Amino acid sequence: MSELALDIDEVAIDAWVVALDVGGSGSRLVAEFGNSTHPERISLTGRAVKVNHHGSDAAAVVASLCQSFNAWAARMGHDGMSDGSTAPVSSAAVGITGLTSLVEKPMEIHDILARELRTNRTAVAGDALTAHIGALRGRAGAVLSVGTGAVAFGFDGVNRWRRADGWGHLLGDLGAGVWVGGEALRAAGRYHDGASRGASKRLLEAAVAKFGLIESWPNQFYKNAERAKQLASMAPEVIIAAAEGDPTSIRILEEAGRHLADTLSSALGRGIPPLASTTGRLVQEESPLTVSLTKHLSEDRPDVSLVPSGGTPLDGALTLARRLTNAPQSVGGFRPWLTVRVDGHHTLHETPEDTGAKEILAAELSATELPGDELQ
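Under the numbering used here, read the sequence shown as residues -10 to 365, first letter to last.
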């Protein structure tokens, strides 16, 4: 068992361990105090991140949640800090949607956590990476996160991470919600034009109901900064149409599953144990997409065990925070997807920066979310 896979029952602390998950459909904070067999635990919720031409306001959401935690602690009478402040915190970790593409200054998140929670052990990660830690409960292996975008991470159990896809809807995200939605609109357009192959009357009707007449689509999509979000909003319609027997929708989802299997296989590179899981709205329920994904993965990598997700991105952030409390020296970073700060310094054994990641043209929502999740 890797150090990161430390079982929760081995953890015993005398201060709060804080974890946050900040996304496009809302934000959450959990904190635990005391022996892990019977810890005191609280949960708080906050608003979703907002995106404008400057990027994401995730930093403000993180600060607000931390302030809510401090206010709760003050009301409940938790204190013990030498300066008279409330709620001693040993470590904090946060998973953030769009960290690598929409958060202008990710390192400032460390400053916010340190300032608001008065802790010197912090981790800031993309939510797809905390999804990995949550899904496999810290074990080595690979996890595919599928929502608006798609990205897979492999972890060797020590300090080496490997990424596949996550390149945004113009360069990648193959099989994700944005890809499925784009294929749906192409099929709708082909039916409108009278094409005989790859056309769908059912998808044209669904798209017209959602976006209006087809003649308005180019202006809607090509000039819209939220194009990825709009395209991905068609993905649930494709799943519904496939369940009703629409052959084009079924084909789209089967092709999406093949792409996603390729992405997951890529993350299971050399040194990554053959254990895998999937997370995100598009893979939560069985559909032609999930059937195809499982089929192609088993054909490409028959040695891989595909297991159900064992936790959420918030669970992953909490596992990371616990790890920072108990063995901070063993938690390495994977820039820009994960940075770790201990005693004012970033860990020295970080994985080399993921080449090209700062140029990602990513969707504005998480790889684990789809537009409309907030309505569910």
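Source of the hints: derived by calculation from the structure; they are not laboratory data.
Careful, some of the hints might be misleading.
Below, simulated DSSO-like cross-link-like pairs (lysine-lysine); rule was C-alpha separation at most 30 Å, straight line [said to hold, decoys possible]: (1) K199 / K212; (2) K190 / K284; (3) K190 / K212; (4) K94 / K39; (5) K39 / K190; (6) K94 / K199; (7) K39 / K212.
What follows is a list of derived Cβ distance ranges for each label pair [unchecked claim]: (8) R36 / L159: 45 to 51 Å; (9) P291 / A198: 38 to 44 Å; (10) K284 / R104: 18 to 24 Å; (11) A214 / T283: 34 to 40 Å.
Since this is a predicted model, take the numbers as computed values, not measurements.
Backbone N, C-alpha and C fix where the C-beta goes; we use that ideal spot for every residue, glycine too.
Now for the hints, and whether the structure bears them out:
| no. | hint | verdict |
| --- | --- | --- |
| 1 | K199 / K212 | holds (18 Å) |
| 2 | K190 / K284 | holds (28 Å) |
| 3 | K190 / K212 | holds (26 Å) |
| 4 | K94 / K39 | holds (15 Å) |
| 5 | K39 / K190 | violated (35 Å) |
| 6 | K94 / K199 | violated (35 Å) |
| 7 | K39 / K212 | holds (19 Å) |
| 8 | R36 / L159: 45 to 51 Å | violated (29 Å) |
| 9 | P291 / A198: 38 to 44 Å | holds (43 Å) |
| 10 | K284 / R104: 18 to 24 Å | violated (50 Å) |
| 11 | A214 / T283: 34 to 40 Å | holds (35 Å) |
Going through the hint list in order, the structure does not satisfy hints 5, 6, 8 and 10.
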